[in-house]
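Model the full structure from these sequences, guided by the hints.
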Amino acid sequence: MVQTPTTPCALRLTSVQLLSKLLPIYRHKEELILAVKDSTFLAVTGETGSGKTTQLPKYLHQAGFCKDGKIGITQPRRVAAITVAQRVAQEMQCTLGREVGYQVRFDDCTSQSTVVKYMTDGCLLREILADPVLSQYSVVILDEVHERSLNTDILLGLLKKMFSDSAKAIKGRSFPLKVVVMSATLEADKLSAFLSDCPVFTIPGRTFPVTSTFGFAVGPKDIESAGYLKEVVKVALDVHTSEMAGDILVFLTGKLELKRACDLLYEKRPTVEGLLILPLYGSMPTDQQRQIFQPPPSGIRKCVVATNIAATSLTINGIKYIIDSGFVKQLNHNSRVGMDILEVVPISKSESEQRAGRAGRTSAGKCFRIYTKEFWEKSMPEYTVPEIQRTSLTAVILTLKCLGVHDVIRFPYLDCPEERFILEALKQLYQFDAIDRRGRVTQLGKLMVEFPLHPGLTRAVLKAASLGCHDLLLPLAAMLSVENIFIRPGHPEKQKEADTIHRALAAKTGSMNDFATLLSVFQLCKSSDRPSAWCKDHWIHWRALKSAFSVETQLREILLRLQQVQQDFPVDTFDGDKSELFRRCLCTGYFTNVARRSVGKVFCTMDGHGSMVHLHPSSSLFDQEGKLNWIIFHDVLVTSRMYVRTACPIRYEWVKDLLPKLHEVDVYELSSVAREEVTDEEMIQWETREAAKRQPEVSTEDVIKKLEKRNNEATVGDARARYMQRKQQRQPNKAL
DNA sequence: GAGCACTGC
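In full-length UniProt numbering, the protein residues as written are 1 to 736.
To be clear, the hints were calculated from the coordinates, so they are not data collected in a lab.
Predicted, not measured: the structure shown is a model, and the values here were computed from it.
C-beta atoms are modelled at their ideal positions from N, C-alpha and C, and glycine is treated no differently.
The reader is advised that the hints may include incorrect statements.
Stated by the list, open to error - For lysine-lysine, the following DSBU-like pairs were computed, each having C-alpha atoms within a straight-line distance of at most 30 Å: (1) Lys58 to Lys37; (2) Lys508 to Lys373; (3) Lys160 to Lys234; (4) Lys508 to Lys446.
Unchecked claim - FRET-style restraints, in silico, Cβ to Cβ: (5) Ser363 to Pro617: 43 to 51 Å; (6) Gln567 to Lys526: 29 to 37 Å; (7) Thr286 to Gly64: 37 to 45 Å; (8) Gly576 to Gln112: 18 to 26 Å.
What follows is the structure in structure tokens.
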């Protein structure tokens, strides 16, 4: 413990401690400690403001739970892990990083003496990979379980399994492990049922009532109607002119929409005095955010127009009024086209309650929903579909396999993902050589799981490492895993300027290759004397590039460690020029994202879905389509068309040997692999069938015909149709 | 010829 030498500091600490006794949880301290002692699993529910996140670990520490091991508390977000740890360290009068610490990616603030450790759920998952029984912990607390983040859901299943596998895992421990899951009230019973009907401890919250009203702008029949933006603006102005003092928070779906709404509000400004309009979105420069968190000047009302970032990640004080559009932009995995699609969808009822709740943090509030009661009843689901059911599972399934979970279908999921999502993930892992035909993790798969990247990208990195050219792939992998680095300003003049500079950067590499451009930007900036100024001059996000630098360092460290530990680290040889070497490495990881030009500027994906795609105009390959035949690409964007971005040309010969892998495995064959390890008998049957299917010599045209299997585009087509409809509704003049 | 929500390792 650290002494508190100065009086002001001591006073402050005392007041923090006094305040903690006023929290609703304080009255239940002894009962809570007993409840944790009495059972293996405990579910604790309590709304915002109950104090469960800060106080429970402190109570357990005081009750002696740290005698044998640590108390670990997970959070879905980095900032939460850090700020809560700071707060608790202050209350326990110790230096952050000593008894109380935190660990998030790139920031480990713990030491030998740390016994109360806050961390992100992803960090604990990494720890389990290294130590499957969590032998250092006496208590594990999963917080914010109701948010259903992918990592928290996996942790939940793993912890349940740890105790149900006839205590095999637990035998490896010298003292018992206690598991506490904390959640908002709604999910408590479900959690209890999942964890062998464990006790539920309820702590009252401390929030103020929020009254919600419905509007007229969006009904179930015009689900995609965008006239709602006008309604949002109208409601905001009504609130400003007729409601009492208090700030407004508006929930919209995306950056452009925020901008449009702010413009509409500004237009009304001459008639509406004293409204401070502030947009808020994730990638916004931090210097522009300051005003948002400061109280407005007296007599001025703040109106924050935000994306979903204001739903959980950021808290703004003084919000009394919520205006809820009822929509969110969400990345969903579509297994029919085998791709991730970013789309606007109605929020769930629980999500809308959460949004409303943002108005009741400091006093009673009001929530104005711009959609009808009918929309609420007919078009909004009860709960948000958990991430695990709408995301690509490739990386997660590899993690489970590496943890010895062979039966990935019957793994105890709180909510099971659809079987075809799991099968698709297995198929991809097989294609990347991470698992074999029996579903066992390969040597390569064990290396791959160590990298915090998509398995395909990791595959390319490892290929490069085996060829001794990881200096080409590590920076690229880092650049592809951070947010978009190219700034494209709104002003037409500036936009032109930025585009010209970006095009010049691409031309510098001497080849049409968006991956090479990214690598070049990384290298040029890194070797620059004043990197931040270099970024400014080239319209590049300095913040994003800085994080690419740290990611690259981390990836390099992981690779180095694996090469030292692993005696038989793969080694290959290659002679050819650097550009070919680079692209060949990419092919090993991106051969599932390969397309061949069909007619004009249209490309056809070769992954068996046969989707028609176009090059995005931001690509350096754009307008060069005539010169291209085969390309690989990093991602897909569905707007007015299906666009592929970040692409490069390849030669058919480079993927020829890999392409058969795309269709040699029948996904249904893998279902047995998914359930358990395959028996020898099944294996022989399978091999026989496979051999029968295989042609002795497959011609180019045969492979292409097989891959151009048309055309499963229906869902993407739907998304596009909806988009076009919205576009017309928003720009009625242009439609004529 | 251009519609990137939000997390996390």
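*So which hints don't hold here, by number, going up?*
2, 3, 4 and 8
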